[in-house]
Amino acid sequence: MLNIFQKTGALVLGALGSMGRMFIFLATTVYWTFLPPLKVGRVMRQLRFIGSKSVPLIVLTGGFTGMILGLQVYYTLRKFGADAYLGPAVALSLIRELGPVLSALMITGRAGSAVAAEIGIMRITEQVDALESMSLSPYRYLMTPNLLAALIAFPLLGSIFNVVGIYGGYVVGVKLLGLSSGTYFSGIRDFVDIVDIRQGLVKSACFGIIVLWVSTYQGYHAKHGAEGVSRATTTAVVMSSTLVLVWDYFLNSVTL
Amino acid sequence: MINVKGLHKSFGSQEVLKGVDFTVEKGEIFAIIGKSGEGKSVLLKHLLGLLKPDTGHVYVEGEDICALSGPALYKLRDRFGYLFQGGALFDSMTIFDNVAFPLREKTKLKEKEIKERVNEELTKVGLASMGYKYPADVSGGMKKRAAFARVLVMRPEIVLFDEPTTGLDPILVDSVHKLITWGQKTYGFTAVIVSHEIPEIFGVANRIGMLSGGVMVAVGSPDEIKNSDVPIIRQFVGGISEEVGVS
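Chains as they are written, first to last, in this note's numbering: chain V, 1 to 256; chain H, 1 to 247.
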């Protein structure tokens, strides 16, 4: 019996220790973000990697999400004779929820995993130690640029996802199912408020911090060769995706 | 110049260093020898503050590096250069950019001056025409020489070498040792080398310390170590393995 308590206690203490280390890691990264000089070149490089290179994926997934949403919502609304509200239903679903969440999950799979792997390889090949040995902070060179790039890229990519998704819904609702174009867009103008857009952007920014925080942390603490990097990458994706959904629930419960 | 006192370090339940004591004099080449897994690289990382000991101290000209953190630690590290086992070159940069990196990040030199200094260092280590290549495209020996150029370009007072010849053929081993001796004579830095290369290291180091069982079992001149009567040193220097398959 005592053994069970000991094991449970060790598990709880281990989990608390890990959480503590993660928060200290985030706090250190934020500290270095405000400590000049900012490595603008490295921020731009990461912005290109996380942001620009994710655009095709975001356009593709955003378009199809909007089209699926158009189909599903249209058939639901038609049962209530409310198919004229297809535009605002699609737009609100995307802007408030699906745009930020799905774009974050897509970028986690594409960029979060790559960042964890890159930093993990740098760790096991002593490139991170090489930075330290030159009195250069890995936080300034590796963590801060990723965090800042994510803070800029996630809301922009989320917005692209929303716009493409709304046009995806338009293609299905207007071009395929015969709804009027004016009805679709005027509904969006009437029902979508600036508060909805703002909340979506805030969500995306929060998800950006979560994804790159977890990914850089996992990469930075990678151990034991290729297997360690593989584990760090997998953990980064799984933990980021889970935390995005958990944080999404908390944000919704506070803002709705 | 470097004074190590009572250094203890454990990783989980494994006690790697069990009270290491030794000193390194200014301007000498000090080699740390010992079997694989004895904690030589761990010890070297303590000298630069990359690892913190459980107990003990590392004094660099009287300043305890173990007690420092943040900017004070970075300031002291500026006096060091560290040659990592695998070179630890940044694989996203060319050889030239790797060598230029510390100059770009830590000095206010103009790009023209940086170019001149990097080319000068690359020429000295025999990589004059290799600057445009990426680390993945060059041999292990070239990587080590490029990493050495990256260290030398900052003119450090103390250079730490972590097994600089591991994985190299005998000719390259000799060339790296000659490079270290030449570098030390030219720039006058203090060198600490972790090495397995017996007997080659006897021709490079001024003094040698043998790490065994988590402690420095002997420190002396190459001749003293070579002619030591201590069984564990005789066994290591003679390259005699434990008998296997004997119950």
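Simulated from the structure, these hints should not be mistaken for laboratory data. Please note that a few of the clues may not be correct.
Interface residues of chain V toward chain H, partial, derived using beta-carbon atoms under 7 Å [what the hints assert, rightly or not]:
hint: 1; residue: Asp129
hint: 2; residue: Ala130
hint: 3; residue: Ser133
hint: 4; residue: Met134
hint: 5; residue: Ser135
hint: 6; residue: Asp196
With a Cα cut of at most 20 Å, we get these calculated PhoX-like pairs of lysine-lysine [as the list claims (entries may be wrong)]:
hint: 7; chain 1: H; residue 1: Lys124; chain 2: H; residue 2: Lys108
hint: 8; chain 1: V; residue 1: Lys39; chain 2: H; residue 2: Lys110
hint: 9; chain 1: V; residue 1: Lys39; chain 2: H; residue 2: Lys108
hint: 10; chain 1: H; residue 1: Lys185; chain 2: H; residue 2: Lys26
hint: 11; chain 1: H; residue 1: Lys108; chain 2: V; residue 2: Lys223
hint: 12; chain 1: H; residue 1: Lys124; chain 2: H; residue 2: Lys52
hint: 13; chain 1: H; residue 1: Lys124; chain 2: H; residue 2: Lys143
hint: 14; chain 1: H; residue 1: Lys133; chain 2: H; residue 2: Lys115
hint: 15; chain 1: H; residue 1: Lys18; chain 2: H; residue 2: Lys5
hint: 16; chain 1: H; residue 1: Lys106; chain 2: V; residue 2: Lys39
hint: 17; chain 1: H; residue 1: Lys124; chain 2: H; residue 2: Lys185
hint: 18; chain 1: H; residue 1: Lys226; chain 2: H; residue 2: Lys35
All C-beta atoms in this analysis are idealised placements derived from N, C-alpha and C, irrespective of residue type, glycine included.
Do the hints match the structure? See the list:
no.	hint	result
1	Asp129	holds (6 Å)
2	Ala130	holds (4 Å)
3	Ser133	holds (4 Å)
4	Met134	holds (5 Å)
5	Ser135	holds (4 Å)
6	Asp196	violated (40 Å)
7	Lys124(H) - Lys108(H)	violated (23 Å)
8	Lys39(V) - Lys110(H)	holds (18 Å)
9	Lys39(V) - Lys108(H)	holds (15 Å)
10	Lys185(H) - Lys26(H)	holds (13 Å)
11	Lys108(H) - Lys223(V)	violated (36 Å)
12	Lys124(H) - Lys52(H)	violated (35 Å)
13	Lys124(H) - Lys143(H)	holds (14 Å)
14	Lys133(H) - Lys115(H)	holds (16 Å)
15	Lys18(H) - Lys5(H)	holds (11 Å)
16	Lys106(H) - Lys39(V)	holds (13 Å)
17	Lys124(H) - Lys185(H)	holds (13 Å)
18	Lys226(H) - Lys35(H)	holds (16 Å)
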